[in-house]
Amino acid sequence: MSEALNRRGFLCLASGLAVAAVSGCGSADSPAAAPKSGGRLRAVFAGGGAKEVLDPHLQSLFVDIARHKALYEKLVELGPDLKPVPRLAAKWEPDAQATTWRFTLRDATFHDGKPLTSQDVLYSLARIADPNAPERVAQSSLAALDLRRCKAIDKRTVELTLAAPNAEFPALLAGIGTQIVRDGFKNPSEPNGTGAFRFTSFEAGRSMVATRFEDYWDGPAKIEELQILSADAEARANAVQGGQAEYANEMTATFARTAEAGRTVKIVAAKGSTTQAFVMKVDRPPFDNPDVRLAFKLLADRQRLVDVVLAGRGAVGNDLFGKGFQYYPADLPQRERDVDQAKALLKKAGLIGKEVEIFTSDASAGFVEAATLFAEQVAEAGVKLKVTTGSAQTYAKDLLTKGVIGSHRSGAMPIPQYITDRLLTKSPFNVTHWRRAAFDAAFAAAQVQTDEAARAAKYAVLQKTLRDDGGILAWGHPDFLVAISSRVQGVQAVPPNTLDSGRFDKVWLA
Amino acid sequence: MIASWRARTPLAVSVVLVLIPLLVAVFGPFVPLEAKPGLPYESGVRLGTDGLGRDVVQLLLVGGRTALGMAVGAVAIAYLVGGTIGLVAASTRHRWVDEVLIRPLDVLLPLPSLLVISVVAVGWRASPPAITLTVAMVNVPTVARLVRAAALDAASGPVVEALRMQRESWVAIQVGYVGRSVLGPVAADLGTRITLAVFLVASVNFLGLGLSPTAPDWAVSVSRNREGVLLQPWAVVAPALMLVAFTLGFNLLADRLVHRSRRTATEVVDR
Amino acid sequence: MRSYAAQRAALAVIQLAVLSILVFLLTALLPGDAADMRFTETLTPDQVARLRSQLGLDEPAIERFTHWFGNVLTGDLGTSLISGGSVADIVKASVGATLVLTLATLAVVVPLAVVLGLVMGTRENGRLDRVITSITLALSAIPDFVIAVVLITLFSLKLGWLPATWVGGDLPANPALLVLPVAVLLGRTVCLLSRQVRAGTINALNAEYVVQARRLGVPRRQLLLRHVLPNAAVPGVQELARTGDTLLGGVLVVEAIFAIPGFATALVDGVETRDVPVVQGLTLVLAVAALLINLAADLVCNRLVPRTELLR
Numbered sequence: 407m408s409e410a411l412n413r414r415g416f417l418c419l420a421s422g423l424a425v426a427a428v429s430g431c432g433s434a435d436s437p438a439a440a441p442k443s444g445g446r447l448r449a450v451f452a453g454g455g456a457k458e459v460l461d462p463h464l465q466s467l468f469v470d471i472a473r474h475k476a477l478y479e480k481l482v483e484l485g486p487d488l489k490p491v492p493r494l495a496a497k498w499e500p501d502a503q504a505t506t507w508r509f510t511l512r513d514a515t516f517h518d519g520k521p522l523t524s525q526d527v528l529y530s531l532a533r534i535a536d537p538n539a540p541e542r543v544a545q546s547s548l549a550a551l552d553l554r555r556c557k558a559i560d561k562r563t564v565e566l567t568l569a570a571p572n573a574e575f576p577a578l579l580a581g582i583g584t585q586i587v588r589d590g591f592k593n594p595s596e597p598n599g600t601g602a603f604r605f606t607s608f609e610a611g612r613s614m615v616a617t618r619f620e621d622y623w624d625g626p627a628k629i630e631e632l633q634i635l636s637a638d639a640e641a642r643a644n645a646v647q648g649g650q651a652e653y654a655n656e657m658t659a660t661f662a663r664t665a666e667a668g669r670t671v672k673i674v675a676a677k678g679s680t681t682q683a684f685v686m687k688v689d690r691p692p693f694d695n696p697d698v699r700l701a702f703k704l705l706a707d708r709q710r711l712v713d714v715v716l717a718g719r720g721a722v723g724n725d726l727f728g729k730g731f732q733y734y735p736a737d738l739p740q741r742e743r744d745v746d747q748a749k750a751l752l753k754k755a756g757l758i759g760k761e762v763e764i765f766t767s768d769a770s771a772g773f774v775e776a777a778t779l780f781a782e783q784v785a786e787a788g789v790k791l792k793v794t795t796g797s798a799q800t801y802a803k804d805l806l807t808k809g810v811i812g813s814h815r816s817g818a819m820p821i822p823q824y825i826t827d828r829l830l831t832k833s834p835f836n837v838t839h840w841r842r843a844a845f846d847a848a849f850a851a852a853q854v855q856t857d858e859a860a861r862a863a864k865y866a867v868l869q870k871t872l873r874d875d876g877g878i879l880a881w882g883h884p885d886f887l888v889a890i891s892s893r894v895q896g897v898q899a900v901p902p903n904t905l906d907s908g909r910f911d912k913v914w915l916a
Numbered sequence: 328m329i330a331s332w333r334a335r336t337p338l339a340v341s342v343v344l345v346l347i348p349l350l351v352a353v354f355g356p357f358v359p360l361e362a363k364p365g366l367p368y369e370s371g372v373r374l375g376t377d378g379l380g381r382d383v384v385q386l387l388l389v390g391g392r393t394a395l396g397m398a399v400g401a402v403a404i405a406y407l408v409g410g411t412i413g414l415v416a417a418s419t420r421h422r423w424v425d426e427v428l429i430r431p432l433d434v435l436l437p438l439p440s441l442l443v444i445s446v447v448a449v450g451w452r453a454s455p456p457a458i459t460l461t462v463a464m465v466n467v468p469t470v471a472r473l474v475r476a477a478a479l480d481a482a483s484g485p486v487v488e489a490l491r492m493q494r495e496s497w498v499a500i501q502v503g504y505v506g507r508s509v510l511g512p513v514a515a516d517l518g519t520r521i522t523l524a525v526f527l528v529a530s531v532n533f534l535g536l537g538l539s540p541t542a543p544d545w546a547v548s549v550s551r552n553r554e555g556v557l558l559q560p561w562a563v564v565a566p567a568l569m570l571v572a573f574t575l576g577f578n579l580l581a582d583r584l585v586h587r588s589r590r591t592a593t594e595v596v597d598r
Numbered sequence: 012m013r014s015y016a017a018q019r020a021a022l023a024v025i026q027l028a029v030l031s032i033l034v035f036l037l038t039a040l041l042p043g044d045a046a047d048m049r050f051t052e053t054l055t056p057d058q059v060a061r062l063r064s065q066l067g068l069d070e071p072a073i074e075r076f077t078h079w080f081g082n083v084l085t086g087d088l089g090t091s092l093i094s095g096g097s098v099a100d101i102v103k104a105s106v107g108a109t110l111v112l113t114l115a116t117l118a119v120v121v122p123l124a125v126v127l128g129l130v131m132g133t134r135e136n137g138r139l140d141r142v143i144t145s146i147t148l149a150l151s152a153i154p155d156f157v158i159a160v161v162l163i164t165l166f167s168l169k170l171g172w173l174p175a176t177w178v179g180g181d182l183p184a185n186p187a188l189l190v191l192p193v194a195v196l197l198g199r200t201v202c203l204l205s206r207q208v209r210a211g212t213i214n215a216l217n218a219e220y221v222v223q224a225r226r227l228g229v230p231r232r233q234l235l236l237r238h239v240l241p242n243a244a245v246p247g248v249q250e251l252a253r254t255g256d257t258l259l260g261g262v263l264v265v266e267a268i269f270a271i272p273g274f275a276t277a278l279v280d281g282v283e284t285r286d287v288p289v290v291q292g293l294t295l296v297l298a299v300a301a302l303l304i305n306l307a308a309d310l311v312c313n314r315l316v317p318r319t320e321l322l323r
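Protein chains in written order, with this note's numbering: chain A, 407 to 916; chain B, 328 to 598; chain C, 12 to 323.
Hints are computed from structural coordinates only; laboratory data are not their basis. Just so you know, these numbers come straight off a predicted model, no measurement behind them. Glycine residues also receive a C-beta, built at the ideal position from the N, C-alpha and C atoms. Hints may be right or wrong, so weigh each one.
DSBU-like, lysine-lysine: derived pairs with alpha carbons at most 30 angstroms apart [claimed, not checked]: (1) A/Lys912 - A/Lys864; (2) B/Lys363 - A/Lys753; (3) B/Lys363 - A/Lys442; (4) A/Lys489 - B/Lys363.
With the Cβ distance kept under 10 angstroms, some of the chain A side facing chain C (calculated, not the full set) [claimed, not checked]: (5) Lys457; (6) Glu458; (7) Ala502; (8) Glu541.
Use the sequences and the hints to build the structure in full.
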């Protein structure tokens, strides 16, 4: 599973800007306390065993991303609302067609003392695209890049050209596996990046140790040493509670409840994060009938799902991905439960008394629980939803082809990227089999709009279509929970896959 | 002497310990119980709720079937297959039959049961028959060897010799005498083997390799609810108590049987 | 003796060969392969297909097996399909923690079981015997994971005395990490072993030569240590070798609960990621270890009580 993309999502509050909410016991960051320097911070993330990698272009797990964020950086990062923000590129400028982009680089230094140049950027992009290394994750998202026409204008300016216009290009450069490495970088086990920490040691599935990089362009980190550790949910909870770690990523709602009764651990919650959904295949009976899709959407008791499966730590969904993100149509009315209308629709479709199988697995926390609960809710309309559990490891692949309705979750990513990956005719992860030529064309038309407001308006129309007619029944957006020891200060409550998540150069130990 | 103090821990205690979980497992699913779904880890009514807001008592009633059924079923199958192999191997007059039956099992013995079970559990997730069969297969080699050894002991003894001299038929000797004398060690082994099978099945489920994480199974409940153990202990304690009562009761019963069979064994030797 | 050893070695070789085939078949039966496992929603199906041919997973199973088997004969365990690292290194890295855990457990279990067994055996049916027997009997009936949950809740979550996980801990610097895992593994093994030692002691005490020695006025202490203990230890050692498999099951539970990066974890990980070479390598090492332990147990028993019949 790509935990990184798959498990996260996030809800932005009305302002769409600051979304931090520090809850829990003990004093939150008191503004008076001046940041202190020094010390060792141990951060625990969900582990991936032997799957964990040091190569920044192969990452797919959260722990990989955190590790690479400490050592390397990208040209562009994502802000708390998943909108691109400058990082190694101080600014960028597209041409009128959004085909050729000029990026101006910052005055950054690699760990080996060499300055960042345009050549490093071009080398990194070429390394990602290397056809002999199919597992480089950003390969498909950056396929639009026409490498032969990309060039260095000067030492600190690089011009990137696309095969087809795309106004969302900066967001693609902020995707996972897009780190900038040093020109000629060959050996991933000897990392050389521009990040705030310099590599010391790495053991897959266990730990990485890194120390502060004094020449970091954004000001040296406060902490002296950073350890990124891997562990499952229970061990993360035990470690942070027992003082064996100062930061634990991705905690359960139950843990948060337990921790808030104690004194040693604080919970940092990014409100409404991952998107949790059931996905219906729109080309297979009974869900090829739009009435049935709508009926199922009307049958979901979203609040109850949130209260039970997410233990109340989340927001109800409105059948759309990315609540609170840039381009999210917040003005669409919230879908409410309506069993009577659903019954009428199901009766018209002749589905009352019939059995439908829902395909799920233990691939992700809450999947089976949600499916079991949803089955009870659907039963109220006289349709039997039979829960079938598949193999957790092959679930992501199986869901593409198997069953008619299944469990799905997706992490934080820009909304246009979600659509590109999952809702176009040629999308590789189109789990709802939503293939509409008109939709594809409208999306392509929106993507070439250089004016942000015009683009947003077009996206809004597309998302309304999805909400009303699509196969995604997004019922909830769980909070993203991080546990920190009470000594840790400066941790931001932001969704994963954004600049400030799992970032330790601004954190200090009181 | 042994009998005297053993008699003081009344048989009734072990029987009750076994019977409570057993009865719950067998008849629990038929108990009509009104349980409104609640919120996760609520205490209050009866034993409160689990991590999914389900009533703990209701889960307890339906969760024994897999927890005990899979283990008992596995041991039954193991004895059916392994016992037959062992008896045939011990009673055959042809050495090659014995070799053909027992040698392959010797080869299988070092196969770590953990590996076999985790492979099956991962591959056929959430399928109770598959896990039951695997736990059974893992036990077959040991059961076969045990039965064979016990049967050989009996078959090579003076009684069989005497019966043979009296021209009793082969079948009569095997079924009438050898089969009967195997029963003692088998009964003693059965107790520990069922306990071990319960452990094995429960461990697989506890590790999340077996049944679905929402299954009401006792071991799954212990595993899934332990993160909420400080919020609502009963969701963990109640199913754990059921499992322990069963294995403890069975251990006590097995202990009794071991001593009885050992005593008869001594008597035979004495004679 | 020599023919016995030769027979034994031949059997071991056959066992290992059959085992490798079985393990290969078992893992081959699993749904999906290592390339599928890499199918995260970040790699497209097309990328996965290219990866599969790069890993050689599109070759027929027989070809892959003979290739692997040939390499093993030359002492090469192959490379992991997931990390690309050498399997030998993965085995080495995972064995350490398990070995420390097992040795620490045995270091506590063996003396404790011997002492308890002797105490019980020499006071057969005395009050102390009854008390210890009842306690061990009860303890051995509690599943490992229940003991673990209880101990962690009590000593880590409630009292905060002992660490409940190895994550973030450093073993040589913090030996307290071993306390709870060993305590969990301890329970069942001590019970099983001490009961065997008790039975052995009782048998030995009633044996002809001990009765004779007692009649000749051999001091009690010398009698126990020289004559009774070695005989009593035999069933214990055999039991120890036999419970290896059960112990491994316990180790898996303990490794999972305390997040110990050991052998059992690596094995289950390997199965879950369909990393066939790693699973093969780990099983092979495990099987060799099991065979050696059994052999060692036989030899130790023979040394303790020189009787050829034990070797049967």
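Hints and how they fare:
Distance restraint check for lysine 912 of chain A and lysine 864 of chain A: the Cα-Cα separation of roughly 38 angstroms exceeds the 30 angstroms cut-off, and the hinted pair is therefore not satisfied. Taking the CA atoms of lysine 363 of chain B and lysine 753 of chain A, the gap is near 28 angstroms; set against the 30 angstroms cutoff, the hint holds. Restraint check for lysine 363 of chain B and lysine 442 of chain A: the C-alpha separation of about 52 angstroms exceeds 30 angstroms, so the hint is violated. Between the alpha carbons of lysine 489 of chain A and lysine 363 of chain B the distance comes to roughly 44 angstroms, so the proposed pair goes past 30 angstroms and is violated.
About 5 angstroms separates the beta-carbon of lysine 457 of chain A from the nearest beta-carbon of chain C, less than 10 angstroms, and the hint is met. A hinted interface residue such as glutamate 458 of chain A counts as satisfied when its beta carbon comes closer than 10 angstroms to some beta carbon of chain C; here the least separation is about 8 angstroms, so the hint holds. Hint on alanine 502 of chain A is violated. Least Cβ distance to chain C is approximately 31 angstroms, over the 10 angstroms limit. Below 10 angstroms, beta-carbon pairs count as interface contacts, and glutamate 541 of chain A has one with chain C at about 6 angstroms; its hint therefore holds.
Consistency note: the structure conflicts with the earlier hints numbered 1, 3, 4 and 7.
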